[in-house]
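Trainee: Based on these hints, arrange chain B on the given structure of chain A.
Listed below are the residues making up each chain.
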Amino acid sequence: MSVGGEWYLTLAAALFTIGAVGVLVRRNVLVMFMCVELMLNAVNLTFVTFARMLNDIGGQSLVFFVLVVAAAEVVVGLGIIVAIFRRRVGATADDLHLLKG
Amino acid sequence: MIPLLAQSTTIPPLDTPNVEYSAMLPALILIGGAMLLLVAVSVVRRRPPWLWTAITVATGGATMAASLVLWFDVRDEGARRIVADALVVDGFAVFFMVLVSVTVILGALLATPYLDKEGFGGPEFYVLMLLSASGAVVMASANDLIVLFLGLEILSIALYVLAGFNPRRMESREAAMKYFVLGAFSSALFLYGVALVYGATGSTNLGVIRAFLASNLAPNGGVLLGGAALILVGLGFKVAVVPFHTWTPDVYQGSPSPATGFMAAAAKAAGFAGLLRVFFSTFSTLRLDWRPAVFAIAVVTLLVGSVLAVVQTDIKRMLAYSSISHAGYVMIGLQAASKEGIAGSLFYLLAYTFMVLGSFAVVTTVGRKGGDANHDLSAYKGLAARRPALALAFTVLLLSQAGVPFTTGFLAKFYVISAAVQSRSYALALIGMLSAVIAAFFYLRITVLMYAQPDDAGEGVRRLAVPAATGIVVAVAAAFTVAFGLVPSPMIHFARQATLLL
Numbered sequence: 000m001s002v003g004g005e006w007y008l009t010l011a012a013a014l015f016t017i018g019a020v021g022v023l024v025r026r027n028v029l030v031m032f033m034c035v036e037l038m039l040n041a042v043n044l045t046f047v048t049f050a051r052m053l054n055d056i057g058g059q060s061l062v063f064f065v066l067v068v069a070a071a072e073v074v075v076g077l078g079i080i081v082a083i084f085r086r087r088v089g090a091t092a093d094d095l096h097l098l099k100g
Numbered sequence: 000m001i002p003l004l005a006q007s008t009t010i011p012p013l014d015t016p017n018v019e020y021s022a023m024l025p026a027l028i029l030i031g032g033a034m035l036l037l038v039a040v041s042v043v044r045r046r047p048p049w050l051w052t053a054i055t056v057a058t059g060g061a062t063m064a065a066s067l068v069l070w071f072d073v074r075d076e077g078a079r080r081i082v083a084d085a086l087v088v089d090g091f092a093v094f095f096m097v098l099v100s101v102t103v104i105l106g107a108l109l110a111t112p113y114l115d116k117e118g119f120g121g122p123e124f125y126v127l128m129l130l131s132a133s134g135a136v137v138m139a140s141a142n143d144l145i146v147l148f149l150g151l152e153i154l155s156i157a158l159y160v161l162a163g164f165n166p167r168r169m170e171s172r173e174a175a176m177k178y179f180v181l182g183a184f185s186s187a188l189f190l191y192g193v194a195l196v197y198g199a200t201g202s203t204n205l206g207v208i209r210a211f212l213a214s215n216l217a218p219n220g221g222v223l224l225g226g227a228a229l230i231l232v233g234l235g236f237k238v239a240v241v242p243f244h245t246w247t248p249d250v251y252q253g254s255p256s257p258a259t260g261f262m263a264a265a266a267k268a269a270g271f272a273g274l275l276r277v278f279f280s281t282f283s284t285l286r287l288d289w290r291p292a293v294f295a296i297a298v299v300t301l302l303v304g305s306v307l308a309v310v311q312t313d314i315k316r317m318l319a320y321s322s323i324s325h326a327g328y329v330m331i332g333l334q335a336a337s338k339e340g341i342a343g344s345l346f347y348l349l350a351y352t353f354m355v356l357g358s359f360a361v362v363t364t365v366g367r368k369g370g371d372a373n374h375d376l377s378a379y380k381g382l383a384a385r386r387p388a389l390a391l392a393f394t395v396l397l398l399s400q401a402g403v404p405f406t407t408g409f410l411a412k413f414y415v416i417s418a419a420v421q422s423r424s425y426a427l428a429l430i431g432m433l434s435a436v437i438a439a440f441f442y443l444r445i446t447v448l449m450y451a452q453p454d455d456a457g458e459g460v461r462r463l464a465v466p467a468a469t470g471i472v473v474a475v476a477a478a479f480t481v482a483f484g485l486v487p488s489p490m491i492h493f494a495r496q497a498t499l500l501l
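If you read the protein sequences in the order shown, they are chains A and B.
Residues in the first sequence are numbered from 0 upward in steps of one, following numbering that gives the first Met the number 0.
Residues in the second sequence are numbered from 0 upward in steps of one, following numbering that gives the first Met the number 0.
Calculated directly from the structure, the hints in this document are not laboratory data.
Ideal placement from N, C-alpha and C gives every residue a C-beta, glycine not left out.
Just so you know, not all the hints are guaranteed correct.
What follows is a set of in silico ranges between Cβ atoms, one per label pair, in the way DEER data are often shown [what the hints assert, rightly or not]:
1) P48(B) with M52(A): 55 to 63 Å
2) V30(A) with I10(B): 46 to 54 Å
3) D115(B) with A82(A): 18 to 26 Å
4) I437(B) with V24(A): 29 to 37 Å
5) V67(A) with V68(B): 42 to 50 Å
6) V486(B) with V24(A): 49 to 57 Å
7) S41(B) with V30(A): 32 to 40 Å
The following block holds chain A by itself, in its conformation from the complex:
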């Protein structure tokens, strides 16, 4: 039995939405960060599915670009998170309230 491409696209859209909503509603910075990764991987799934549907190898190779960029983002992102929360107990975004107006 083969599963149609539409189902993969729907799954990817659902994962992307979960990730996007997660970034907006979750308060823990690490969880927000993981949600961004979820969004990027939903995009990867979309790329692969479209590549399969279009019978085009290009879309699959794009995934490698996304993976590399996501890895680079993790390095910088975790560095920033560690720099901020080294002297704090939790990693809650609401604790960051110096800048407002």
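Mentor: Only chain B this time, still in chain A's reference frame:
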């Protein structure tokens, strides 16, 4: 083993694209300069404090020279696509290369006194700035949505670190955090848009997408429009248009002032380079769909930017909202969707780059103690009495941002609004003028503070020192603003010649 070997002879040679290094020279010089700095820090034993600045400024100068060579090359030989159509060299791309090299030179001079006073001896700030600028150059010449994404990330990841460059200030780290989370979020939105456009058109190459849309009427309409909308949102975050602007005031306020100046100039230029190319050129057949969206974004950006700037008491937050409203004017040029509109947008970005770098140079100086101790508007009381030249230059830059005649800011507003009128977007032209009136209030308020208010700092306060490098930035920015406000034709010619390769 033997069948495998026999098979290998039948595999055709891998077809690698021809790489025209000469046309990629501006980006390569910027990366090379960053590498040179990293090598120099570990090789050179005696390091005079000006060495890093000198290397960065020289790199910026070389980038500008290479870009100008490319400019005349494009003019004589015509625009072309290079590296298997992944990049494009046209007047539009070269225009942004020149703009980015200006930003690098002025940004390095702006950062030097700050880094000295705050005690950052290393070249890291300059390295990040150069790498970020290389990302901006890649974005300007991208002819493929994935290349555009790579440029966007090279630009942004370095900027996240620059925003948090001063770890002793909690505000700086908080700014880095906010910029990072929202930047990564917007990149993901942009990328999902790319994926949807790829699914609808079968390619990420801008030329192929354009040809596909021209020959196929509304294929996979929903997926394509969803993709275009997500690309608009993703790039809208980067250039800070309302409603995707929420990070801007916090990040501008928290980042070290020189980093803010560089970010405000480079990220906005690069983001608009991508936005203008993708929407005006690639999605030109979809303009009936995206023009109303850009119209709505431009209206709220103009109004929210200027109204919220009025109520700010922190100069950096005020400049953040003012840069949001500037982004609205550039959007007017895009909404016009005409050659005049694009030329107006380019001229606006050119004028904006000088105004914003000059303004942040003044803010860094007046901010004292490195540049972030005091950004309250009251710090500008009586500045004219203490530092007449600095106050005069800042007045010029503020009046230009407000759009007073005989400055580049006025002409920039004039060109985008007249392009809107030509495209029959009368409502948008009116709102643009209304927003300029509101904005004039807070620019003039600072001017009044500087000139009319007595200096309540008293005798005990140390005299405000203006470092030479900062002085150069302010002088160059003010001189550019006035000179090309009076004699605008060379710059207008430059912006008009910077056409997109369709």
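Trainee: Taking the hints in turn, state whether each one holds.
Mentor: Here is what the structure says about each hint:
no.	hint	in the structure
1	P48(B) with M52(A): 55 to 63 Å	holds, 58 Å
2	V30(A) with I10(B): 46 to 54 Å	holds, 47 Å
3	D115(B) with A82(A): 18 to 26 Å	holds, 23 Å
4	I437(B) with V24(A): 29 to 37 Å	holds, 34 Å
5	V67(A) with V68(B): 42 to 50 Å	violated, 32 Å
6	V486(B) with V24(A): 49 to 57 Å	holds, 54 Å
7	S41(B) with V30(A): 32 to 40 Å	holds, 39 Å
The structure fails hint 5 only (numbered hints given earlier).
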